[in-house]
Amino acid sequence: MAKQYETVIGLEVHVELATKTKIFCGCSTAFGGAPNTHTCPVCTGMPGSLPVLNKQVVEYAVAVGLATNCTITQYCKFDRKNYFYPDNPQNYQISQLYLPICRNGHVEIETENGKKSVGIHEIHMEEDAGKLIHDEWEDCSLVDYNRSGVPLIEIVSEPDMRSAEEVIAYLEKLRMTIQYLGASDCKLNEGSMRADVNISVREVGAKEFGTRTEMKNLNSFRAIQHAIEGERERQIELLESGKEVIQETRRWDDAKEYSYAMRSKEDAQDYRYFPDPDLVPVFISDEWIAKIKENQPEFREKKMVRYKEEYDIPEYDIGIITDSKHMADIFEETVAICKQPKKVSNWLMGETLRLLKEKSMDPEDILFSPENLAKLIALVDSKAINSSVAKEVFEVMFAQNVDPEKYVEEKGLKTVNDEGALRKTVEEVIAANPQSVEDYRNGKEKAIGFLVGQTMKAMKGKADPGMVNQLLKELL
Amino acid sequence: MEDILSLSAVELSAAIKEGKTTAVEAMQAVLSKIEEVEKEINAYVTIDKEGALKKAEEVQKKIEAGELSGPLAGVPVAIKDNMCTEGVLTTCSSKILNNFIPTFSAEAVINLEKAGVVMIGKTNMDEFAMGSTTETSAYGVTKNPRNTEHVPGGSSGGSAAAVAANECFFALGSDTGGSIRQPASYCGVVGLKPTYGTVSRYGLIAYGSSLDQIGPITKNVADCATVLEVITSYDKKDSTSIDRKDTDFTSALVDDVKGMRIGIPRDYFGEGLDEEVKNAVLAAAKEFEKKGAIVEEFDLSLVSYAIPTYYTIAAAEASSNLERFDGIKYGYRAADAEGLHNMYKKTRSEGFGPEVKRRIMLGSFVLSSGYYDAYYLKALRVKAMIRKAFDEAFEKYDIILGPVAPTTAPKLGQSLSDPIKMYLGDIYTISANLAGIPGISLPCGKDANGLPIGMQMLANSFEEKKLIQAAYTYEKGTV
Amino acid sequence: MSNIISDETIEYVGILAKLELSDEEKEQAKKDMGSMLDYIDQLNELDTTGIEPMSHVFPVQNVFREDIVTNGDESEKTLKNAPGEKDNMFMVPRTFD
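Residue numbers (my numbering), protein chains in the order written: chain A, 337 to 812; chain S, 1061 to 1539; chain H, 25 to 121.
Isolated chain A (complex conformation) (with noise of 0.2 Å):
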C-alpha cells in the first residue's frame, strides 16, 4: 500500500500597514508617486541619516497582537538584519528578532473540516525594500526606493496549516481581523499582504517534521492553492524516490505554475542580526495597551451576532456583509439614517455585489457613502423614482458618489406623476396597437404588459408602472 503523506504548512504573512508615513521618517506611503518622490536621506540610506519611530506603526502592530491573541512584548527592540540587495539602501533591513512586539497568539479558522485554532509564533514590526524593475534595454535593473521603509508586519504562524483550504481560511480570518482594525487593507494582488508559505511533508502519524522548503511570490489564493499543491508533489516524489528534501526557499512562478530554488553562493542567508543602535527601546505599558484595547472595533462574529438580533435580513446577507468592515460600516450607517435595513441589505446584496463583480473591486473600494444609499432609498420610497431608474441612478453613484437627489434633479429622472400627460400617452399608445387592445380585450390579460412596456419606453422610463397599468385598465 501506497504511504499516506500529511501536509504541514507554516506562513509568514507580511501586512503593509496603513499609515500615512514611513516606519522611520516622514515620507508619504501614497501609491503611484514618480520613482523616488516619495524619498528622503533616511529611506535611502544616506550616510549620517538616522531613523525615528512612527508611533503609530507600534499601536497598529499592538492592536493586531491583541486581536490575533497575543501577549504583548511590552519591552522590544529593533534589530538590523543584514544583508546586500539594491532594494534594501542601507543595505540592512530594520525589523525584530530577539524581542519582536508580539509573541504565542492564535486564531481561530473554520473550513468544511470544522473549526481549529492556528498559533501564532509572533509579530515583528520592519520596513519594506524598495522596488526592482527590469530594464531589458540596458540590460540592468533600476531602484525606486519609493516602497523603501513603508512599515510592515510580518506574522509568523506556527505550523499548524496542514491543508490550503486551512492557509486560505487562516489568511481570510488574518485579512478580516486587520481590516477591521483598519491596519491596512490586505491586498493580495496589491501586495498590501504577502505570504511566503512554509511547506513539508510526512508520513500521517510522524512525530517529527519534515525538512521544510519556503515558497515566495504568492500573490493570490490560487496561486497559494498551487504552490502548496505542486510543492508537496514535488516533495512526496523526492521522498518516494529516496531522495531528500533540502531546506532552500523557492520561487513560485504563477504562470508557469512552477516553483524553482533561489540559491546562490553569494547568498550566505547569515543576517547577524544584532541591536539597532540608532532606535531606542520600545516600552509598551499596561495603559497603552488597555487604550488600544478600547478603541478596538466590534469584530464580525460579535457583530454577526449582533445583526441577527437587531436586523431582520437573512443569515446570509450578514454574513456577507460583514465580511468587509468597510461594507458593513456602510450598511450600519444607512440603516442609521433610513431605518430600513431591508432595503439596505438588498441594495448591497444585489446591485453592489453585481458591480463590485463586474468591475473586479473589493468591497474595500465602495465609495458612495451612507448619506446616498439612504437618499436613493427615499427617492424610490417617495416614488419620485421607480425601480429601474433607480438603478440606473445607482450605477452612477457607486461610480462617482453622485448625490442621488440632485442627479435625479439635473438629468430630470423623475417619476411622472401628472395625470393628463400620462393619460394623453395611454392613449396615444392605445391607438398605435390595435392589435394588442383587441388581444386584451379578448382576454388576453397578458397583452397589458406589452402596452404597459409601450408607454414606458414612450415616457423614457419616468413614470409609475402601477399607475400606467391602471391608466390602460381604466381606459380600455
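Where hints are given, some of them may not hold.
Subject to a maximum C-alpha distance of 30 Å in a straight line, what follows is the list of computed DSS-like cross-link-like pairs (lysine-lysine) [as the list claims (entries may be wrong)]:
| # | chain 1 | residue 1 | chain 2 | residue 2 |
| --- | --- | --- | --- | --- |
| 1 | S | LYS1481 | H | LYS54 |
| 2 | A | LYS413 | S | LYS1297 |
| 3 | A | LYS413 | A | LYS339 |
| 4 | S | LYS1406 | H | LYS55 |
| 5 | A | LYS629 | S | LYS1296 |
| 6 | S | LYS1155 | A | LYS467 |
To be clear, the hints were calculated from the coordinates, so they are not data collected in a lab.
Please build the complex by placing chains S and H on the supplied structure of chain A, with the hints as guidance.
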C-alpha cells in the same frame, strides 16, 4: 589687526563685534596661514575658499546689523570630514566617498552656522574614523604641527592639527574611542567628548553608532565650553539625542576646585605608560591638590578589558554601518564589474583601505551565526560591568584624572604595522565611550622632545561642567 | 595563536561583508583576525553570568515620530550622487536572470 591668529575663538568674535577686525579679515588670515603651512601639514581634505569668504562677508553684515550676536559669530571653523556638509565634498577620508556631495548638513554643523560660525573646509581623518594616527586616510597623512616628523593622532588628526597650526580658530571632531581627546593631546590643544546623546549624531557618518559623539577641539577651555554650548541640542531626528536642561556650560568657567574630589586610578599608571607622561599627569594632580582639591588614588577595575570590549562592539556596528557603501546610491563605483555581487565586491574592495576592511571583516565575523553570543553579547555584558565600575567610582569622585594616551605622538609610519599595539594606545580613552561619560583632554606639559603631553579628566554622565571647571582652573594656574 | 582562521572562514566572511581580498590580503586577514580574536578572548576571564547585555548606556525609551507627512518630493536630492541613473531611478547591474 595684527596677530589675529593668536586670538582664541571667543576673543576673535568679541574683537569682530567691537569692530577691531572683521569676519572676512579673520577668514583671510586663516586662509593665508593655510596657504603657508598646509603643504606640510595636510590638515584638510577640502578647503572651500570661495564659499568661506563669501559666507564670512554675509556673516560680517549680519553682525554689523546686530542679527548675529553669539559668542562665536564670525569665527572660522574646520569640520571633520565625517560630518555631512550640504554642497561640500564629504569623504570620511575614504576613496569610497571620493565624490560624495551631501544634500544636507549635520545638525552640529547647522548649529554652528546658526551661531554665525563660518566653515573653512573639511579636515583629514583616519578613514571612517578608524585609526589613531590619521595615517589611514586615502588623502595622505596629516603631520603634527608641533613636530612634523610625528603623527597628529587620530582619528580627528586633521581637526587637532588645524587648531594647533592656526589653520582655524577651532574645529569639530568626533570621538568613538578617543578620537577627539587623543589627537588633541598629541597636538597640545583642548578636546572634549561630551556625554553620549548631548550633541546630535544626525549627519555624522557613523562608525560605531552607540559610541560616536561629536565634540569641540579648541585652543583653550573657554572656547571648548563655548563651542560645546553652541553645538549641544536636543534633536528629534536622532533617537539617541537627550533633552538636557543643564547646557549652560560656560557658566562652569570658574577658577575653583576647592573640595572637588579627584580620583586617580592606579590602573592607569601601570605598565606601558611613558615615564614622562606619567610625571606630567601626576604633577597636574599636585596642582589640583594645591588649589584645594582632594586627590587620591583608587582602583578602577576592568581597565584592560575595555579594549577588547570596544573593538568587538565598534567593529560589529561598523561592519553594519558601512554596508551602505555599495556603489549604488552615491560614492565610488568600480568600473567593469560583472554582475551585481561582483560590483559590490569590487567597489568595496577598491573603495575601502586596509584598516577599514580589517574592522569590517572582524565585525562581520563576531556577528555571524554561531559567534554572536560568544563575542558580541559577551562584549555587551562586559560593557555593562565597565559602566557599573564607573558608577561606583563616581560615587566617590567628581573627576577621574589620568593620561590621555600612554605616550606622546609617535613618529609617522611607526604605528600601523601592529594593529593590536595600536589599539592598546586607546586604553585610557576607550572606556568613556563604552560608559557614555564625558571626557576632556588638555595639555599638561611637554616631553623631552618638545611634544605635548595631555591629561584626561572623566566625569559622570551629564557632568561636563565639572570637567570644564577643573580644566579651566588648571589652565588658569599654568598659563 | 589559539584562534586559527581557515581559508573557508575568510572566504565566508568575505561573502558576508562583500569584500574580495587578494591572496596576500587573505593571509594578512587570517593573521589579523586570529590575533584580534585571541585578544578578545580575554573577555572570557570575566564571569558575566546574570549580567544583561547593555546596548544603550542610558535607559532612554519610546522616542517616536507622529504619523504626519513632513517630506515632499526630494527625488532630485536622492539621485544627486547616483553613480548610475535612468528614468529617475538608480541603475544597478541586473539583479535576476
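Each hint, compared with the structure:
no. : hint                 : in the structure
1   : S:LYS1481 - H:LYS54  : holds (17 Å)
2   : A:LYS413 - S:LYS1297 : holds (18 Å)
3   : A:LYS413 - A:LYS339  : violated (46 Å)
4   : S:LYS1406 - H:LYS55  : holds (23 Å)
5   : A:LYS629 - S:LYS1296 : holds (29 Å)
6   : S:LYS1155 - A:LYS467 : holds (29 Å)
The structure shown violates just one earlier hint, number 3.
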